[in-house]
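Here is what each chain is made of, one letter per residue.
Protein chains: 2
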Amino acid sequence: MKIVVDAQRLQSELAMLASFTHVEQTGKDGETAVTRVVFTEDDLRARMWLRGLYEEAGLAIREDAVGNVFARWIGSEPELPAVATGSHTDAIPHAGMYDGTVGVLGGLEAIRSLQRAGVKPKRSIELLMFTSEEPTRFGIGCLGSRLLAGVLDASAADQLKDAEGLTLAEVRASAGFTGSLDEVLLPTGYYSAWAELHIEQGPLLERDGIQIGVVTDIAAPASYRIIIEGFGGHAGALLMPDRRDALCAAAEIVLAVERFALATGAIDTVATVGTVKVHPGAVNSVPSRVELALDVRDTDPERRESVMRGVRAVCEELRERRGVSIVEERINADPPAQSDARIVAAIEAACVQHGYSYRRMVSRAYHDSLFMACVAPVAMLFIPCRGGVSHRPDEFASLDAMAAGITVLAETLLHFSAM
Amino acid sequence: MKIVVDAQRLQSELAMLASFTHVEQTGKDGETAVTRVVFTEDDLRARMWLRGLYEEAGLAIREDAVGNVFARWIGSEPELPAVATGSHTDAIPHAGMYDGTVGVLGGLEAIRSLQRAGVKPKRSIELLMFTSEEPTRFGIGCLGSRLLAGVLDASAADQLKDAEGLTLAEVRASAGFTGSLDEVLLPTGYYSAWAELHIEQGPLLERDGIQIGVVTDIAAPASYRIIIEGFGGHAGALLMPDRRDALCAAAEIVLAVERFALATGAIDTVATVGTVKVHPGAVNSVPSRVELALDVRDTDPERRESVMRGVRAVCEELRERRGVSIVEERINADPPAQSDARIVAAIEAACVQHGYSYRRMVSRAYHDSLFMACVAPVAMLFIPCRGGVSHRPDEFASLDAMAAGITVLAETLLHFSAM
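Which chain is which? The protein sequence lines are G and B, in order.
Our numbering numbers the first residue of the first sequence as 1 and each following residue consecutively.
Our numbering numbers the first residue of the second sequence as 1 and each following residue consecutively.
If you're looking for bench data, these hints aren't it; they were derived computationally from the structure.
Don't take every hint at face value.
Label pairs and their in silico Cβ distance ranges [said to hold, decoys possible]: (1) G:D400 - B:R312: 42 to 50 Å; (2) B:R319 - G:D182: 50 to 58 Å; (3) B:R319 - G:R321: 27 to 35 Å; (4) G:I331 - B:P241: 25 to 33 Å; (5) G:D394 - B:R312: 52 to 60 Å.
Calculated cross-link-like contacts (lysine-lysine; reagent style BS3-like; alpha-carbon spacing at most 30 Å) [stated by the list, open to error]: (6) G:K277 - G:K161; (7) B:K277 - G:K161; (8) B:K161 - G:K277; (9) G:K120 - G:K2; (10) B:K122 - B:K2; (11) B:K120 - B:K2; (12) G:K2 - G:K161; (13) B:K277 - B:K161; (14) G:K277 - B:K277.
If you only want the chain B side, here are some residues facing chain G, beta carbon under 7 Å, derived [what the hints assert, rightly or not]: (15) A154; (16) A156; (17) G236; (18) V273; (19) V352; (20) G355.
Just so we're clear, the structure is a prediction, and the values are computed from it rather than from any experiment.
We put the beta carbon where it would ideally sit given N, CA and C, even for glycine.
Only chain G is shown next, with the shape it has when bound in the complex (with noise of 0.2 Å):
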């Protein structure tokens, strides 16, 4: 049996989606930006084509409270836990088109070049896209899956606001998502087997000229937001002897941050201070209040505290120096995850079976695989993307990286739906 990936078809499907965007806006090499966020009228068009595409593949659709949406091939023996692959397709602002998109477009792509192929799977096949994997609107990421592996309280869910003020409850609602979220918990075995297919978003596999990147560990990320608060005054009149910058502080914490990541010695520890807000924010006026947002990965959650140790002991230590007060504010921490043996092992003997090259590697970026891995046997592959580029207008991943990787996916489905 011989599988063959459409992908121009794809790409093309892929520039489809992409034109469901908030903003019509191209990047400074002619590239579509992409802002398509939960639950705006982008986001449900989108869903609507999808569901378009769904249909005329054959798949059955079912839609859970929050907005995940699941298609399934039903196979010969309906009453067996599923075989099932699946991404996002919400973009944050001024972002790409592969993103997630690939894991769900290319899933599609694998169940039709499976259809093509004359497969007749045991197992049903389904293809699942998370609602709100982008934490743009309500602040946290991979809300669908947090929901479906149980790791999110149903009712806060649904009080978690948006930058107007609109609950959780109130936008899915009118996006006409009544149930109770509490019914969007996955039953015990519902899925023998789930793969998601990534761009990588680093810049490893181009680098290193390596087709599929097999992942075997899913970091830990936690983020965490630190408000140093000094003493502010006139940038002139306040004599150094007398301050307490809030910002000198501030700068001291970053460096920790990445020193302590380094110290770890380990490769897969990364640490980063990525917003700075100070107050009031004049330049003739000392800092006198800095919040710094801090994320810190690791798929060793006991080495990503030995980072916050560290940090803490210097914020602990400018205290006292600095007579600064600092507030550390833990936004969240999970939990890593770790692929199923038996998925990687069946994603590498694909990769063999085509003779594609690939290399078992660590996701360091959020999927909503983590949270899948809680309730299934997970694995995720990746394939190249430009530059390690992500999360931008000029992000982008060629038709052969996702034929290659469609054709190893497809492989994998295929595999388990057998079993």
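Given chain G, put chain B in place with the hints provided.
Positioned in the frame of chain G, the structure of chain B alone reads:
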């Protein structure tokens, strides 16, 4: 002859002036927040009201092309260079009601107190209100005094733009100031002596219970924009050894600024990073570009330059070690000013005469007197302000403090008007 200051009248005039504000707001303890930007309707209404006070005091009014207002009490020998005082009445957004205004309304009250005491001055005594001491609208402070002193090119000044893209030429014309800016320059010997009364904007006088600060030097302020370009990426996917994090480089610069300011060993050196702009500014994104605003002041421009030399050496090393590009843009670097010894002596003599405690000190804030020093013998006198706080709604100077300052100012004007 006895000088009697009507502090109650001054207080009610300060409150009236504070009512010419763009947004009616009160600070957290009920103080008035004042926003009065040059050539806005509020500024023009305030100017109109001030004209009325000047006319009531019998002063002859002249306005120049940039809107500096000269109110002259004509002396018995009007052909002699005048003695003068003054300050500004524009206020940055959400500021207080004492900064600058105490020098204008207090200067007027000094003149009125001399009139009430029956003084007939030999030299004319002039009250000057400068246009746009604050940089809010056109990005450059001391606009009026720079032009009076000839340290800002007239045609360049007319091309300055506000946030809406309006040029100074357009804005001043629609406010009724239509002459050529070339004519703003003061002729040589226009003033025989100049003294400016101002709140300290620092904590020293209040802390030590001193009534009058006699300013011997106005520090030389310089400001710079430092732009760091690194390489952005996903906070999970971009590994630590591959990073060129613009924020980590910026943090080292912030700490270098502080270190080199302390390293001069001089209490008069101050350096501040007051704003940080981070691009793209997301919790899960490695900063690719950071822009810092840096303010360095000193009474000694060579010592000020030594701070910048240290910072530049760190930038050089960072370019190499962190692989970032760093661009420095000088916004301004003004010379320091020294007070005239005779005027300092006269201020001190007035303090002694009235039994006020006084101390020589440095002004580290910008003042119009910095530029007036280019064309006249100058000095400044400071009065305490509560907590050293300025540019905030809770900015405050007591009636007693203002009365003392005005008394000393009146004596000083009297002294030089007779010479």
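Now for the hints, and whether the structure bears them out:
1. At roughly 48 Å, the beta-carbon separation of G:D400 and B:R312 lies within the given 42 to 50 Å, and the hint holds.
2. With their beta carbons about 56 Å apart, B:R319 and G:D182 fall inside the hinted range of 50 to 58 Å.
3. Checked against the given bound of 27 to 35 Å, the beta carbons of B:R319 and G:R321, roughly 29 Å apart, stay inside it.
4. For the hinted restraint 25 to 33 Å between G:I331 and B:P241, the CB-CB distance of approximately 26 Å keeps it satisfied.
5. At about 33 Å, the beta-carbon gap between G:D394 and B:R312 misses the expected band of 52 to 60 Å.
6. Distance check on the hinted pair: G:K277 and G:K161 sit about 22 Å apart at the alpha-carbon level, within 30 Å; holds.
7. As the CA atoms of B:K277 and G:K161 are separated by approximately 27 Å, the hinted pair is consistent with the 30 Å bound.
8. A hinted pair counts as satisfied when its Cα atoms are at most 30 Å apart, and B:K161 with G:K277 qualifies at roughly 27 Å.
9. A threshold of 30 Å between alpha carbons decides the hint, and for G:K120 with G:K2 the separation of about 14 Å falls inside it, so the pair holds.
10. A distance of roughly 18 Å separates the Cα atoms of B:K122 and B:K2; the hinted pair therefore holds under the 30 Å criterion.
11. For the hint pairing B:K120 with B:K2, the CA-to-CA distance comes to about 14 Å; that is within 30 Å, so the pair holds.
12. Note on G:K2 and G:K161: the hinted pairing is violated, with a Cα-Cα distance of about 49 Å set against a maximum of 30 Å.
13. Between B:K277 and B:K161, the direct Cα distance comes to roughly 22 Å. Compliance with the 30 Å bound is thereby established for this hinted pair.
14. The hinted pair formed by G:K277 and B:K277 meets the criterion: a straight-line CA distance of about 8 Å does not exceed 30 Å.
15. With a least beta-carbon distance of about 25 Å to chain G, the hint placing B:A154 at the interface is violated under the 7 Å criterion.
16. At its closest, the beta carbon of B:A156 sits 21 Å from a beta carbon of chain G; the interface hint therefore is violated under the 7 Å criterion.
17. Interface hint at B:G236: satisfied, since its Cβ lies 4 Å from the closest Cβ of chain G, which is below the 7 Å cut-off.
18. Nearest Cβ of chain G to the Cβ of B:V273: about 6 Å, under the 7 Å cut. The hint holds.
19. Checking B:V352 against chain G by beta carbon gives a least distance of about 26 Å; that is not within 7 Å, so the hint is violated.
20. Because the smallest distance between the Cβ of B:G355 and any Cβ of chain G comes to about 27 Å, over 7 Å, the interface hint for this residue is violated.
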